[in-house]
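Peer 1: As given, the protein sequences belong to chains A and B, one line each in that order. Using my numbering, you'd call the opening residue of the first sequence number 150 and step up by one each time. Using my numbering, you'd call the opening residue of the second sequence number -1 and step up by one each time.
Bear in mind the hints are in silico, worked out from the structure with no lab data behind them. If you're wondering where the values come from, they're calculated on a predicted model, not measured in any experiment. Ideal Cβ placement from N, Cα and C applies to all residues, glycine included. Mixed in with the good hints there might be a few duds.
Stated by the list, open to error - Covered stretches of chain A, going by a simulated chain B footprint (3 or more residues, C-beta under 8 Å):
(1) 153 to 167
(2) 173 to 183
To be verified - The list that follows gives simulated cross-link-like pairs (lysine-lysine, PhoX-like), each with its CA atoms no further than 25 Å apart:
(3) K153(B) x K173(A)
(4) K153(B) x K139(B)
(5) K139(B) x K177(A)
(6) K104(B) x K173(A)
(7) K139(B) x K104(B)
(8) K104(B) x K153(B)
(9) K2(B) x K177(A)
(10) K157(A) x K139(B)
(11) K177(A) x K104(B)
(12) K173(A) x K157(A)
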Amino acid sequence: MGLDILFKIAGVGILVSVFHTALKQAGKEDMAHLCTLAGFTIVLLWVVQLLGQLFNTVQDVFKLF
Amino acid sequence: MWLKLAGGVLVLVVCSWVGFQLAARCSGRPQHIRQMVSCLGSLKSYITYASMPLHEALMQCTQGIYGPIADFFHHTAELLEGNGGLSPQQAINTVLGDMQGQLMLKQPELEILSILGANLGQMNRQEQGNYLTMIIEQLEKFEGEAARLRDLNTKMYRYLGICGGLAIVILLV
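For reference, chain A alone in the conformation it holds in the complex:
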C-alpha cells in the first residue's frame, strides 16, 4: 500500500478546496458544495476499502471467524 494513498487523499483535498474557492467566487455555491461532496465521496470510498483490508487483517491475525 505504502504512502501513495495518503498523498492521493491529500491531493484530492487540495484540489477540492481550490474547486470550492473558484466556484464560490463565481457565485456558484451549490456547485461548490456538490464538488466538495464528490471529493468527500471519492476519499470515503478509498478509506472504506482500506478499512475493509484492515478488518480482514485483524481477522487473519487473531483467527477470528
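With the hints as your guide, set chain B onto chain A.
Peer 2: Below, chain B alone, put in the same frame as chain A:
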C-alpha cells in the same frame, strides 16, 4: 513509469486547454456584442442619413471591424445581393446557422438578431432608425451582463480546467 508520466502530462495539458478555451469563449462574448453594437450604430446612420440600400449598408457598416462579426454582416450582404428573393430575416438566419461555431453569442443576442432581420427593410427610414436604437440599447444591456459574467467565469474556467486535469491524473494514477 515514463508512459504514466507522459499520459498524466497529456491529460493535464488537454484539460487546461479546454478550460482556457471556455474562458476565451466567455471573454469573447462581450467583445462580439460590442462590435455588433458598433456595426448596428453605423448601419443605422447608413439607413437613416445616407439612405443606402440594405446590402450596401450592411457591407459598409463593418468598416474598421474585423473577425466573425464583420464576416456575419458581409455574408448577409452577399446573400441579399446575390439572391434577389431572399428576405433579410432569411439571410440573417442562414448566416447565423452557417456561423454558429464562430460567433460567441448566446441565445438572447441570436434572438434579437433574428427579430432584427424580420423588421429590417420593412418600415420607413425613421422607424428603422428607432428600431435599431432599441436593438442597440438591448444589446448594450446584454453587453453589461456578459461583461459581469466574464469577470466571474473566466478565472473559474481556467482554475477548473487545470484542477480538473490534476484531479483526473490523481484518480487514474
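Peer 1: State for each hint whether it applies.
Peer 2: Outcome of the hint check:
1. Against chain B, the segment 153 to 167 of chain A contributes 5 residues with a C-beta closer than 8 Å to a partner C-beta. That satisfies the three-residue criterion, and the hint holds.
2. Against chain B, the segment 173 to 183 of chain A contributes 4 residues with a C-beta closer than 8 Å to a partner C-beta. That satisfies the three-residue criterion, and the hint holds.
3. Of the pairs offered as hints, the one joining K153(B) and K173(A) holds, with about 12 Å between alpha carbons and a cut-off of 25 Å not exceeded.
4. With a C-alpha separation of about 23 Å, the suggested pairing of K153(B) with K139(B) holds against the 25 Å cut-off.
5. For the hint pairing K139(B) with K177(A), the CA-to-CA distance comes to about 22 Å; that is within 25 Å, so the pair holds.
6. Proximity of K104(B) to K173(A) is assessed by CA-CA distance (about 24 Å); at most 25 Å being required, the pair is judged to hold.
7. Taking the CA atoms of K139(B) and K104(B), the gap is near 14 Å; set against the 25 Å cutoff, the hint holds.
8. Annotation: proposed proximity of K104(B) to K153(B) holds, straight-line Cα distance about 20 Å (limit 25 Å).
9. For a cut-off of 25 Å, the pair hint linking K2(B) to K177(A) is broken: about 34 Å separates their Cα positions.
10. For a cut-off of 25 Å, the pair hint linking K157(A) to K139(B) is broken: about 46 Å separates their Cα positions.
11. Annotation: proposed proximity of K177(A) to K104(B) holds, straight-line Cα distance about 20 Å (limit 25 Å).
12. At most 25 Å may separate the alpha-carbon atoms for a hinted pair to count; K173(A) and K157(A) meet this at roughly 24 Å.
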